[in-house]
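There are 2 protein chains.
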Amino acid sequence: MSELTYGIAIFPSKEIQDTANSYRKRYDPRYNKIPPHITLKEKFQASQEEIKEITKELNQVASEVEPFEIEINKVSSFSPVTNTVYLKVEPNESLTTLNKKMNEGKFLENQKYAFVPHITISQELSEDEHSDVYGSLRMSEFDMKDHIDRFQLLYQLEDGAWTVFETFKLGK
Amino acid sequence: MSELTYGIAIFPSKEIQDTANSYRKRYDPRYNKIPPHITLKEKFQASQEEIKEITKELNQVASEVEPFEIEINKVSSFSPVTNTVYLKVEPNESLTTLNKKMNEGKFLENQKYAFVPHITISQELSEDEHSDVYGSLRMSEFDMKDHIDRFQLLYQLEDGAWTVFETFKLGK
Chain A
1 MSELTYGIAI FPSKEIQDTA NSYRKRYDPR YNKIPPHITL KEKFQASQEE
51 IKEITKELNQ VASEVEPFEI EINKVSSFSP VTNTVYLKVE PNESLTTLNK
101 KMNEGKFLEN QKYAFVPHIT ISQELSEDEH SDVYGSLRMS EFDMKDHIDR
151 FQLLYQLEDG AWTVFETFKL GK
Chain B
173 MSELTYGIAI FPSKEIQDTA NSYRKRYDPR YNKIPPHITL KEKFQASQEE
223 IKEITKELNQ VASEVEPFEI EINKVSSFSP VTNTVYLKVE PNESLTTLNK
273 KMNEGKFLEN QKYAFVPHIT ISQELSEDEH SDVYGSLRMS EFDMKDHIDR
323 FQLLYQLEDG AWTVFETFKL GK
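The listed protein sequences derive, respectively, from chains A and B.
Numbered according to our numbering, the first sequence spans residues 1 to 172.
Numbered according to our numbering, the second sequence spans residues 173 to 344.
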């Protein structure tokens, strides 16, 4: 079997996912390809042999980080780098540590930009559409908290959708 | 937090999922809500407390069933019960055992019909559409095999899409 494309992400609570989806269904063409998520590691290729090794490493990473809390208070945008609008996850040492551990040692280092934990709610819009969406959401206030105790390794299908391959529980 | 809607399913190999999706994208209005899958337990409600107990039970169930092979050779239909066309998973004792164990003991017994392992590729079509689709696919031959070593517990979002909550590995 050839290589698959993998990614690593956290799915927040149903409440947060439902909130994100209320925007995504209008503003994110990839809405249907994956549930709302916090990307921990950008997509990468791996063979079946390699993913066995990576799975072992991810068990190790998960065991080294205790479950933690996240907080979402506002919307932000990556503009002008990309026209991505997102629910901003407040700076969080556990997320940063997870991202770092997944980009060193036996892992491919493929973090393109500085790691900014976020849940995308709008992307791939034109400049004008982005301005409209971000303009209407930038002053919104949120008060969402969640307890994070796991992350997921996923792989991508031909149509771009993602299937979960495995769950890793933190602190175990 | 109130109750969530859960389900239990197996995601087969990417190859099988890609094949199923080549039909689903045309014939299944729920195509975007979940990747192609074999349902092991129909959807059910559970509180956060209940799902902790169920998770424990599912670990037990997973440990009692060894990884196994599946085979897909043809398409079939549940008509006239429902207009669902599916990739028929050949009769398989491991799948039957998993389904049975998830509908007895501490589990809610919510298996509506006799358990027929399948991967839906078309549903909710009109009588005529169903006849067309099934007529064009019923003579197709497939030769797909897969090694199954895990199943997934999922929950449903407000928009009907499913998020994976946890992976359970067979024989562990």
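A couple of the hints might just be wrong.
Here are the computed distance ranges between Cβ atoms for each label pair [said to hold, decoys possible]:
| no. | chain 1 | residue 1 | chain 2 | residue 2 | range |
| --- | --- | --- | --- | --- | --- |
| 1 | A | E93 | B | P239 | 49 to 59 Å |
| 2 | B | S266 | A | S79 | 22 to 32 Å |
| 3 | B | S298 | A | S94 | 45 to 55 Å |
| 4 | B | D331 | A | S47 | 32 to 42 Å |
| 5 | A | E109 | B | K205 | 29 to 39 Å |
| 6 | B | P252 | A | E64 | 15 to 25 Å |
FYI, nobody ran anything at the bench for these hints, they're computed from the structure.
Remember, predicted model here, so these are calculated numbers, not experimental data.
We put the beta carbon where it would ideally sit given N, CA and C, even for glycine.
Out of the numbered hints, which ones does the structure contradict?
-> 1, 2 and 6
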